[in-house]
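2 protein chains.
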Amino acid sequence: MPRAIDFYFDFSSPYGYLASTRIDAVAARHGRAVRWRPYMLGVVYKSTGYHPLEQEPKRRYMMHDVARCARLLGVPFRVPQRFPAALLAASRAVYWIEDRDPRQAAAFAKACFAAYWQEDRDLAEAAVVAEIAAAQGVLAAELRIALEAPAVKARLKEETEAAIAAGVFGSPFILVDGEPFWGADRLDQVDRWLATGGW
Amino acid sequence: MPRAIDFYFDFSSPYGYLASTRIDAVAARHGRAVRWRPYMLGVVYKSTGYHPLEQEPKRRYMMHDVARCARLLGVPFRVPQRFPAALLAASRAVYWIEDRDPRQAAAFAKACFAAYWQEDRDLAEAAVVAEIAAAQGVLAAELRIALEAPAVKARLKEETEAAIAAGVFGSPFILVDGEPFWGADRLDQVDRWLATGGW
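Heads up: the sequence lines are chains D and A, in that order.
Numbering-wise (the numbering used here), the first sequence opens with residue 1 and increments by one.
Numbering-wise (the numbering used here), the second sequence opens with residue 1 and increments by one.
These aren't lab readings, by the way, just hints derived from the structure by calculation.
Please note: incorrect hints may appear among the correct ones.
Identical copies look the same in the list; a pair holds intra-copy or inter-copy alike.
Within a straight-line C-alpha distance of at most 30 Å, the following computed DSS-like cross-link-like pairs (lysine-lysine) qualify [to be verified]:
no.	residue 1	residue 2
1	LYS46	LYS58
2	LYS110	LYS153
3	LYS157	LYS58
4	LYS153	LYS58
5	LYS110	LYS58
6	LYS157	LYS110
7	LYS153	LYS46
8	LYS46	LYS110
Use the sequences and the hints to build the structure in full.
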């Protein structure tokens, strides 16, 4: 198993979605795996009292910019009806699946991003999340029971606290051997860092 | 005179400085001039109650990131002793010089960015600003008198209000024929937009 890089994100983050379409390929070029680590970005916003989408000029620009970036990348993109939203079911499912099969968790997380940002599927709904998981070979009935378990809910809280403790404050946020990169627009630098070991 | 693109910035913005080292070359490749438009970013921060440098993890990351970007660009960079700061004298001087000679104003603004971010010179000091201007062929004595004039002070306020009215909320911020780009990391897209007219 190659050394992994850490990919922190919130499913509700459009720049997280853009990064989700590229991160595995960037890592694979350098023989690296990716640990897909959803966390609750809303906890960061709550602690700082700041949410970028609450500032009208910035919100308007960001939605314009992310659509423009998607076109440039050739990636489908549309704003979901429920946005922004706390998509806890999908996030909790990632860690539950990861404990069983990390590779399946990565594929599931990527499928969730696409389902939300391309097909407007509601990742807060356990039934929707189970259906996406089933398409990845996960036992959907078992997952639906797990999503109600206090330990599974607690796990996402713990992962969120661990992410914040590691300095994560946005989405996407990538740690390469401890080196932090914030934003989908840093993926080229991540690529270069992996190739050169830094500059 | 080629059609100009608008380059909005605050001298106290490190990403504004990075963009200042590239923007003229990007525009010139496409036969375009650049209007250098300093504004008071602090007014935006005050109106939203948000300042990115007041959030410790983000502040720490940004200063790390901007130094890393500077190394990648091969551009000298060091954090000035007085940072962040309201660098009004330099900003006011840009518009006063621009009314006399736009080309000189651009060269002066670029020299100010370098003086602050490479040599730690205090752009809030009229004497320092006049010295930098003199090196660009500006009549320093006349400038120093102008910097005290109410009309020159009012001009920067008006330009700031006009920038905010145009949707500007960060630094650097570039308008290409009305198309907005925020951040030094959007310069490659600006380059492409100028080449293609959009995508």
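We went through each hint and held it up to the structure:
| no. | hint | verdict |
| --- | --- | --- |
| 1 | LYS46 to LYS58 | both (18 Å within a copy, 15 Å between copies) |
| 2 | LYS110 to LYS153 | within (21 Å within a copy, 53 Å between copies) |
| 3 | LYS157 to LYS58 | both (29 Å within a copy, 21 Å between copies) |
| 4 | LYS153 to LYS58 | between (32 Å within a copy, 27 Å between copies) |
| 5 | LYS110 to LYS58 | both (27 Å within a copy, 27 Å between copies) |
| 6 | LYS157 to LYS110 | within (21 Å within a copy, 47 Å between copies) |
| 7 | LYS153 to LYS46 | within (19 Å within a copy, 38 Å between copies) |
| 8 | LYS46 to LYS110 | within (26 Å within a copy, 39 Å between copies) |
The earlier numbered hints are all upheld by this structure, with none contradicted.
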